[in-house]
Each structure stands twice: as C-alpha cells, then as structure tokens.
Amino acid sequence: MGRPGRRSKFFETRSCAANARSIRMNASIFIMDSWYVAAIEAELATDTIFARTICGEPIAFFRGSAGQVIALEDRCCHKSLPLHMGMIEGCSLRCGYHGMVFDDTGRCTEIPGQEHIPANAVVRAYPVRSRHGCIWIWMGDPALADDNEIPDYHWLDAPGWGARTNYVHVKANYRLIVENLLDLTHLTFVHGRTIGNAAVVKQAGVTFERGDREVKVTHIMRDVQPPPSYRASVAFDGPVDRWMIVHYAPPSFCRLYTGAVQRQGDQILRRLDWRNLNAVTPETATTTHYFWGHAQAHDPGDEAVTDFVVSQIKATFEEDVVIFEAQQAAISADPGRPTSRFSTKADAGAQHAMRVLDRLLKEQASGQPVHIKFTELQLAPQLPASDVDIAIDI
Amino acid sequence: MGRPGRRSKFFETRSCAANARSIRMNASIFIMDSWYVAAIEAELATDTIFARTICGEPIAFFRGSAGQVIALEDRCCHKSLPLHMGMIEGCSLRCGYHGMVFDDTGRCTEIPGQEHIPANAVVRAYPVRSRHGCIWIWMGDPALADDNEIPDYHWLDAPGWGARTNYVHVKANYRLIVENLLDLTHLTFVHGRTIGNAAVVKQAGVTFERGDREVKVTHIMRDVQPPPSYRASVAFDGPVDRWMIVHYAPPSFCRLYTGAVQRQGDQILRRLDWRNLNAVTPETATTTHYFWGHAQAHDPGDEAVTDFVVSQIKATFEEDVVIFEAQQAAISADPGRPTSRFSTKADAGAQHAMRVLDRLLKEQASGQPVHIKFTELQLAPQLPASDVDIAIDI
Amino acid sequence: MGRPGRRSKFFETRSCAANARSIRMNASIFIMDSWYVAAIEAELATDTIFARTICGEPIAFFRGSAGQVIALEDRCCHKSLPLHMGMIEGCSLRCGYHGMVFDDTGRCTEIPGQEHIPANAVVRAYPVRSRHGCIWIWMGDPALADDNEIPDYHWLDAPGWGARTNYVHVKANYRLIVENLLDLTHLTFVHGRTIGNAAVVKQAGVTFERGDREVKVTHIMRDVQPPPSYRASVAFDGPVDRWMIVHYAPPSFCRLYTGAVQRQGDQILRRLDWRNLNAVTPETATTTHYFWGHAQAHDPGDEAVTDFVVSQIKATFEEDVVIFEAQQAAISADPGRPTSRFSTKADAGAQHAMRVLDRLLKEQASGQPVHIKFTELQLAPQLPASDVDIAIDI
Ligand code: FES
Ligand code: FES
Ligand code: FES
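Protein chains in written order, with full-length UniProt numbering: chain A, 1 to 394; chain B, 1 to 394; chain C, 1 to 394.
Okay, chain A solo, but in the shape it has when bound (with noise of 0.2 Å):
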C-alpha cells in the first residue's frame, strides 16, 4: 500500500528520466493517483487490442488468458510503434515491429535473436479492475492502487435497477463536463423538451455541501410539474414532490440522485427512481472520454422502460455534448482569456469542485499526496436498505 514518502521515488525510478517528465506534464491538469473508467466492459473484445489515450498517456487494452483485462503502455520501449499493432500471446503482447515480448507487468520477456533482457526493457503496466460492467484504470503509482477505492456505481448492476451504461467521446475538458453536472440550472434552457422545465431554476429550494474532497448539492422541488420525460416514464397525472441530488467527487465523478414521488396526502401514489452514473474520464487536455450510466428503480425487470428511460436521458447528454464542444471551441481560440469572468448563486456547487480540483493539483504538483479515497468521502446519501426512500424523506 502506498505511503506517501515512496511517491517522489516512484516518479524518478520510472525507467527513464524523459519518462517521468512526461508524466508530471500530464499530472499538471489531471489527478493521477485516481481510478478512472478506461472503457465499458463490451468495448473490449477477446482477440482484440483495445487502444485508448487515457489522461495523456495512450494505452494498449487486451483481454489475458483468463480473461482479465490487462493494460500496457501503447508504446514499444525499443522503437515506439504502439503496441496494440501486435500481437496478444497468452497474458504478453508481442510487439509488431522487432517481436519483442512484454508481459503483464510491463516487463520485456523475449527479444528475438538475442538472450540478454536489458534492464530498460520495460513499458509501463496499470492497475485495472472489472467493476459494475466497467474496466477501471487506476492512473498513478500502481503501489496506491486499491480495490477498495473503486468508486461506488453498483446500481449499474445491482438487483432492483434496470440500468445501461454509454460511452461519448466528447471533444472538451473534463472540467467542463464536471461544472455541467454540478449546475443543474441549465435544465430549463438546454434540456426544455427532455428533464428540464422551468420549476428547476424559479421554484428550486438548493442545499450546497462543501467537503474537503467533495461536494453535495440538493434540489428539492415541491409541488411541482413532472418534467417531460418523467411523464414519459411514470404516469403521474398531477404534481409531485421532485429531487436531484448530485455528488460530486474528484477527479471527476459525479452520481445523481433523482426522482419524484406524487402523493395524495401521506399515500404515494406513483414514484420515480434514478440514478444518474457520471465518470468523466479526461484523454488529453481537450478531449474527454465521458461514460455515463442510466439507472431506474421504477421497474427494474422490464427492459424496455429502462431502454426507454434510457433513450430519453441519451438525448439530453447529446444536447449537452453540443455545449461543451462549442464552449471549448471558444476557449481553445482565445486561450488567454478566462473562461468565466463571475459567478452565480447556482455556480457555488461547480465552483467549490473547481477549487477543490485546483488545490488537488497543486499539492501533486508539490509532491504531497493526493490519492483520491472514495471510501473516506462524508457528503454521499446515506442509503437505507430500501435504498429508494432516501430522498423522498429528505
């Protein structure tokens, strides 16, 4: 397990010293001692070399013998050509150039025509895990990688959810992904036909947490018109009771908690259960890997609701994705200009998250340990066992 006085070390022992450089020039805008999705579970066939950059640094995905999923450095040590044009023998790649065979921890273990193995025959090897239909990568010292810390989105696979989990490539920062989730307002103007009405910005009563390392927000919404899509969903013929709760924490997971309930007098008479499952997971500094899953308790044995609930939710990610790509444009064209000159009331939970990233950071930047523990987070609704009254209680 890792203890921070070890952290320096690993950045120098890395197999050369360019190596390392190139590590700390993505670690000055992405947390790296953090779990992240690298893929869905269905990208990665058997076979097959799966290639994808994940915080800057490209990666060959493939399955072993045993089907585990194993992860190298997409970059041959000898001459650079990326690995997943090779082969897959076994747990190992062979590398398509010179042959050259490399393990499942990176370790060189045959160069054709010689015996000798030099010691700087090595690609790096990640951590990755099998979890909730999601292959996660774990990014930095792989001494700190700790099953434990996975974050938590079993409803993705849980009994009692009918769920889906998608995959956008979005051309935009991660942090603007993140302050998306984070600002809910934006329902009513982006997300009018789908799960946004005007209740959301006028008649919203909005609870911020602050953590150290996380942030709560809480939308209560009384008495009020269900949104399109929930009437898509659940037949509520009058006004309900509604709540998104979004928790977000670092680097960039953020899982919402929504749905409503209508009541007559003490009895609910229909109810709307989600989960909204984010894992925004950065490629390079302009471009992100946005996995997001979909998850409804209303009737979790019938597929074709959860399609359908689905296929709503897919829509408005799909008009989101066209706000974050022009944002991006604008700010890619004028790099030297702020992306935001002020704040509103509604930014407090974004703008916490931001500070909370940016201090992050600079404590990598510094050396300190920033290790990212899901399990000591404070802020994220405590579930009770039926796991779907939480809200309507609160």
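Just so you know, the hints here were simulated from the structure itself, not pulled from any lab data.
Worth double-checking, as some hints may not be accurate.
If chains are identical, the list can't say which one is meant, so a pair holds when it fits in one copy or spans any two.
Here are the simulated lysine to aspartate or glutamate pairs, EDC-like style, with alpha carbons at most 20 Å apart [said to hold, decoys possible]:
(1) 373 - 152
(2) 373 - 149
(3) 362 - 141
(4) 345 - 115
With chain A's structure known, arrange chains B and C with the ligands on it following the hints.
This is chains B and C with the ligands only, laid out in the frame that chain A set:
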C-alpha cells in the same frame, strides 16, 4: 466623442484585465479604432443570429425588434458558450446554457434564479451601422465611433449607378489583398483574359501620391486597346483613353475609379465608368472577409448589364484569391522569412500603404490614438456634380 | 570545387539574412551538402512545373528548352507567390503574379515596367542531374556540387538487370526509414507473408562493419528455407544459402544486396539476385519522399518477371509504411520522450548510422564542412565483373 486622454482608460475599464489583454493581442496586427464592413445587409436575416469573427474577435450579430442590427461579443461572460447559440428576445440575446439575458449594450439584465446582477456580467457591445447595403462595425473604443467617418461607398446604392456587392472568404492576411489592389501591374499577368492586357504594364503613365494616412495611384493610358471585359461591356471599336485610379485609406479600404473613353476629335463616342469598392476586413492573422462592390454608370438602369459587368469582375476576383492563398501558404510554411525581399517601382503605392499601416500599429501599440477619420483624407478624387467626367479631364 | 573556407561565406552571402536563417533551421535536422533524389524522371513532364519540398525547402522543377531539368526556389522573392504557379519561358520561369522572369541560375532577368533589376531580385537555384532514371538535387553550397559524388545506383538502368523505380510519400521522419533498412530482423514480424521468415531472426549470422561515414550489415543464412517471395520468383525446391547485405551512406542512402542460391554439392542449381536501392529524401521533419528501386538479375530481359518481383517487394514497402507512420504518430504525440529507450544487438547497424548522422549534423551546425563524398566510402561491397557472384563467395 473620443478624446485621446480617455483612451487607455477605455482599455483598462474593460470588464476584466484578461479581456483587455486579448484586445491588445489583436491590436498588434489590426487597427482597432476603425469602421469595418462586417456583412452584406442580405447576409443578416431576421430571427437568426449570425456569427462572424472580426479582427480576431468572435461577434454575434442579430436584428432587434425594430430591425436594427445589434452586435455582441460572441462568448458568454458566464461560461464561454457562444451567444449565437442562444435566442433573440426583442433587442436582447438569451444565452443557450443558463439562460442569462444580455441587452443591446451588452449588459446582463437577467440571471435565472437570482436577483443580483454582478458588475462583471457584461459582454462587449459593438457600434454597428447599416449603410450602402452593408453592415459596418466599429472595433475600437465605442465612445469614438462616429457615423460620419464611415467610408464613402455611396456608389453602391446611388442613383445613376448599377451596383452589386459580394463577399468572399480568403485564407490570407488582409495586407496581401491591399497590396494587390495598389499595384495594378498584376492585371497583365493574372487577369489577361478579363481586365488586363499589356497596356497596363507597358504604356501606363503612373503617378503616386502619398498622404499621411492615405495613398493614391493614378494610371492614365492614352490611345490603348481596351481590355476584353471593357469591350464586352461597351461597344468600343477603336483605341481608348483609359484610367485606373486607386485610393487607399487605412486600415484596408481601396476604392478604384476605372474607365475609358473612345474619342473622335473632341467628341466622346463611347464611355465606360466603373467604381470598384473594396472593404477588406481581417478575420484572423491569416484569414480575411473580403467585401467588394462594383458599380457601373454606362447602363445604370439595366440590371442585365450590371449583372454581366459584375460577373466579369467576379472572375478576376477569383483569380486573385488563388494568388492570395498561395502567397499565404508559402509565407506560413516559412514564417521567419520576409514576404518580400525588394520592391519595384510599381510597388510604390503598396509600399507606402504598408508603411502607413506599420506606423499606425506602432502608434496604437504605444497607446497613442490612431482613430481613422475618413472625412479628413485629402487625396480621394474630388468628384464634380456629374461624377463621371472626373477622370476624363485628368 | 568547394573549399571549406568558403562555406560560412556561402551562408552569409545568401540573398538576405532571413534566407540564411531559414537554411540554418533546416540544417539542424538535415544534412545540406548532399545529393538527394528529388523525383523519378517520369514524374517531370515537359511543359509542366513540378513542385516538391525537399529538406524543408519548396522547390519548383521544370525542363528547359533542351529538356534539362532546372530547379528554382519555389517562392518568388518579390511577393512570395510560388513560382510553380507561373509559366515556363525557355530556360526561365515567369512569375504568375507581376511577371518577373528568373533564369536557370535564379537571377531575375526581367521586371515588367522597369529597366533596373535590384541585386536582391534573385531566387535560389539548385544543381540538379539526371541519372539512373532519377533526378538528383544538391541541397548545399552549389560550388560543392560534384557529379561524381552522386550515389551509385547504376543497377536501375544497367544491362543484365531488370529494374523499376517507385515513389511513396511517408508521414514520418526519414530516420525511421533508415533505421528500418538497417535492422532486417523486422522481416520476420512485419513481412512474414513475403520476404521474411523465422530464418532472418533465428539463424542469421550477422556482421556489422562501422565506417567513419558508413555502415555495412551482412546477414548470411546457410541452408535455410527460402521465404515466400523468393520461391515465387525462382523455382527453389530445397534449402538455400541466403544473403542480405545492407550498405548505408549518409544522409539516407541504403543499398541492399540480397539473394540466395540452391546448391547441389559444388553446383548451383538455382540463383536469385536482387538489388534494393533506397533513397530516402526528407521533405519536412515529419514527412519523407521515399524513393526505392528494385533490380533483379535472374531474368533481366523478362519484363513480366521484373513486374512480378517488384509487385512482391512493393507489398513489403506498404507494410513498412504503416509501421513508420504509426511510430511517427506515437512520437509526435509525446515529443519529449526518447523514441528508443534501449538497443538490441540487431540495432548495432542502425545505431551506428544514427551516430554518424548526429555527428555530421553537429559538425554542420558548428560550421564545419560535412560534404558527403560517396566515392570515398570504403565498405560498399566490391563487385567483381559478373557482379552476381559477390555474395555467393562470401
Ligand atoms: S519497436 Fe517494438 S520490438 Fe522494436
Ligand atoms: S454560459 Fe451563458 S448563461 Fe451560463
Ligand atoms: S510575386 Fe512574383 S513577380 Fe511579384
């Protein structure tokens, strides 16, 4: 009205320091205190927000309730979404992200979800005017914008003239276009099939007049064969006296007075009179919005004649654009090299124009006022009542 | 003939200082005092101006009145229009903008509209020669250009050989191609379906000879199975003795002598003799004009055999190009990183070649003469009269 003393204050009191820096960056290559043509009137439909970058600044144009054109900075000061992605509401724009509203002065008048409007919630508003079928924009200190200083392009909609206005996007710096217009010896080699022939280079008596902020180049060719496009427009059947007068005013206004008369003794048998009116608006350092109008006085009432003449001229512009873009590509491929290593006699006009521009940019950079005042220019041909006889008498 | 003492003067007396600086910029990555292949003879039609960038310099090629090739800087010194957009007039080019004429020495001989020709009105002229079906260009000080130093590629048009020459544009730095040609162990993994098989890596007896300005790598494989393309070209029906000799001369000439014999006791039953002649001409830092010829001596008079052999070889070049471009993309994505972190035994030839190049570039940067003299090289195989027996005797 602008006073020099106010100037630096204007730059300082921009909504934030970064904004001012961005302006200064553009100001190192573009004159800011000047009118520019932003669009042809017809480009700007009602109910549509039109986006165009001018002098490096992205701008959203739209028509207010009374049909008047309004121009706002095309980047929301909240989170950088381009405002052209929003909605028109009367004389205001509502941003398409969080719904803030900006009026025609750029001031934010509504932030959904809160009462307080922060002082920084403002985008830049640009003075705009409709004149001669074009939309003109003032890129500098709004306090200095003076309608009387809009360059005189009245031939585009004056009685006695048949005219058309055109737009072409050019992948080249605006200076390459100005230089082209001020050295008409290229007509022989680039436009031999239309308006050029050997006469332009070989027989022209050229005079150069150099003002403090302007240039005039006069070509008089006596007893020469009219070029192909002249012959196609007017039934010349013998040699003519031909003239081409180019007047340049900074930053990039070039008005060409061209024509020819066929004489028999003291009598004028046939006569061709054209105005070619160029407004060269920088987009970025390597791209330009090139607006040009063309007016003819020989058959002003006959639309077919005007169309025919303009189609001839249009062909020459297309030939020029190929040249500009090839020059720019060569320059961009090796930017350390001077674009020109020596000058010819024919370059005298272009050379002076570039010196004027360089001097003005230097003055602007040092904080001196460079306000371009069109009405104070001296060298533009003084037009007699009939306007057509001007060159004949020269 | 060039004397070292003249050299720095040459760079200083270029038409202007910026020109010299531009040259120096290219000189930091390219050897300038060298012949390069600029084009295949057939690429350069009569009456057409052919544009190609070599070692970072844009060049216009055309044929003069006698059919001889002339090469001028492809950027008019007047206003930067590429000269390839102009017209051929005898042994001169007329610029397509203002009509200036430049003769085959680069000197301006006509400026339309004036008598005086300024001293700076000159573009660079490059020594060019036609030899072995190729057009060769000298990129350095013209005074040092020596026809005798054009690399020996005579097999491309010699009696007793059937040959073809090919061109492929590669999006990779030229060094990646040189390294490839000097380490043939990649044949097994990249070209298994054509010229490679396990023998290359596993059974080869390889010797390296390192000269001051050259490298020779000799592979002798005795009693091995001939690879697929050998068997397709000559009817081998048993094991062969096979050889591959690679000779490298800077900047980037690699000549491969390859072949095989099938013996029965002292008798030679079947024999395959090939020359693979590579001229790797840098275009920019990340792109290359790759010329390669292939000659066969087993059926020199049969065009169909030559076509078949070359089609086999062409397939291997296409496989290599994929490798080069993938390497370059990986390198360009993270340019701070070394392209190679260690070397294998098989790298010894490529490694020495890169050291020779680095040393020559360093000498060039410090103003020392680096003039590449092909005739003074020592290691190229000395060919007996019959030329075919060379490798068999080794
Ligand atoms: S580049 Fe991978 S083995 Fe050589
Ligand atoms: S980005 Fe315009 S209102 Fe937020
Ligand atoms: S640019 Fe070549 S003659 Fe003017």
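Taking the hints in turn, this is what the structure says about them:
no.	hint	verdict
1	373 - 152	within (11 Å within a copy, 67 Å between copies)
2	373 - 149	within (6 Å within a copy, 64 Å between copies)
3	362 - 141	within (18 Å within a copy, 39 Å between copies)
4	345 - 115	between (66 Å within a copy, 10 Å between copies)
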